Amino acid sequence: MVRIVAQNISYSYPVLEHIRSLKNQMMRTLIGGSIRKDGRKTMVQALDDVSFSLEPGDRFGLLGRNGSGKTTMLRLLAGLVSPDTGSLEIEGRVLSLITRGTGINEEMTGAANLELPLRILGASDAEVAEARRRIPEFIELGPFLDLPVRTYSEGMKARLSFGISTFLRRDIILLDEWIATGDQDFVAKANARMAEMVADTGILVVATHSTELISTVCNKVAIMDGGRIRYLGDVEGALAAYAQDAQLD
Amino acid sequence: MGFQIIVSDNPTTGPFPFLSMWRVWFIQGNQDIQLRYKRSVLGPFWISASLGSLVIGLAFLYSEIFQQDVREYAIFLAGGLIAWNYITAAISEGATAVIDYSIEMRGVRMPLSVLAGRVVYRNMVILMHNLPVGIATLYLCGSELTTRSLLIIPGILTLWIFGVAVSIMLAPISARYRDLPEIIRSVLQLMFFLTPIFWLPDQATGRRAIFVDGNPFNTLVDLIRAPLIGKDYPEHFAISLSLTLGITIALAVLSWLTTRDKLYSWL
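Quick note, the sequences are listed as chains L and D, same order. Counted the way numbering that gives the first Met the number 0 counts, the first sequence spans residues 0 to 248. Counted the way numbering that gives the first Met the number 0 counts, the second sequence spans residues 0 to 266.
Warning: the hint list may mix true and false statements.
As the list claims (entries may be wrong) - Over the 12 Å line for every Cβ pair with chain D, so calculated as not near, a few chain L residues: (1) N65; (2) G141; (3) V197; (4) D199; (5) N218; (6) V234; (7) G236; (8) Q243.
What the hints assert, rightly or not - Short, incomplete list of chain D residues facing chain L, as computed with Cβ under 8 Å: (9) R22; (10) I26; (11) Q30; (12) S101; (13) E103; (14) R108.
Rather than coming from a laboratory, the hints here were simulated on the basis of the structure. The structure presented is a predicted model; accordingly, all values stated were derived computationally and were not measured. Cβ coordinates follow ideal geometry from the N, Cα and C atoms, glycine included.
All chains, please: the whole structure from these sequences, using the hints.
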């Protein structure tokens, strides 16, 4: 059974640099999250009493402005940090695509760069062997595959990273923004691959600013603000609530 | 209450990531070596060449200064330098592992033991390039390997464990207090001169014998040097080694337990 159940989770972290001299109100507008002083340390309350539950088939969109807690939520789901309070249960294998290109070394050739990123994401021997066959034919870099990545154009680098990121199939996928790819002729192929990947996935969680993405991909949305979920529900309601916010701003 | 991840068959969330994710540190370590010596004629054998020239040059001068037989002194020096190069790199690079690889830690689960594994494995490869220089020195100076020399193997394994432990101990704290790596480098430099590597253990007499008998670095060096040069381990070696390893591992566990929840916010 693949599922995610978050109950009343809160998470805060200290800011180590000296930003205490700035007024709280000013920091609020800069960082977005709420900041509280905890003794001598300045703490950012990145998540505040967040609850939701996801089932197989859910395409969960986290909508909100910078610093509202979207990426922090993904980090918790990826197991990079644990909540201070509340409980978080994740059942199923998680593929964390919060940052892309992890493990790609620009001094090495494209071909030599296939294995490490996949191993970091937890790929098995069989998956790596299959990736060596299938990724090169998908990303169509031809002879460039045997040249160092630093010689690639940005579009070619994006293809390599996209091909690696979207190769593995897992129960739960975490995305920070949709994976966009550089050059024009690759976009159609990339979009088809993303659709296929999403279809093969039990639960997708995507953090985004884009209401367009929410309406095309998601079936469940949380609007986040200052570390709290302000709206949780279906796409229609979310888009209405978000549009209202934009007017108020 | 709490945090629970229920997964099966996932190498990145298993209980012993050092073992289940061994390919990650293995590939990373190999890439580090490859990139360091890419486009050079000798490749990683530059490591061997530079140690070789150091031993020849220093043995020639210091055997005279210390009034030692040049052959015996050269062997002693080679053994000490091989071990010291590894120990100092494992500690100083191990301490900066979290700082150096924080970008990778931001987006994917990258356990401390895997970071430590990368640093230690890379320096083990360097050690393996240095060891033949020690053996060559041995034969050039009219000595030879014996069955006792096989003790180098458990010595290397022990240094491997020490390296992983010391990195897990220092890397998180160094990420929090960024001046710690500088302090560590200074201490290592001082210890290089306070440990019998250039000078012989029996030259420190009286109260100064503490730099030999009470010096954990000397114990670590002798893990390789003593079997290589065909000498017995010094007196109380087992006790000294157990203490050094035991304390390092205990501090590593303590460091890991106290920093794991906060580490992410220190990146």
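Looking back at the numbered hints, which does the structure fail to meet, lowest number first? Of the numbered hints, just 12 does not hold.
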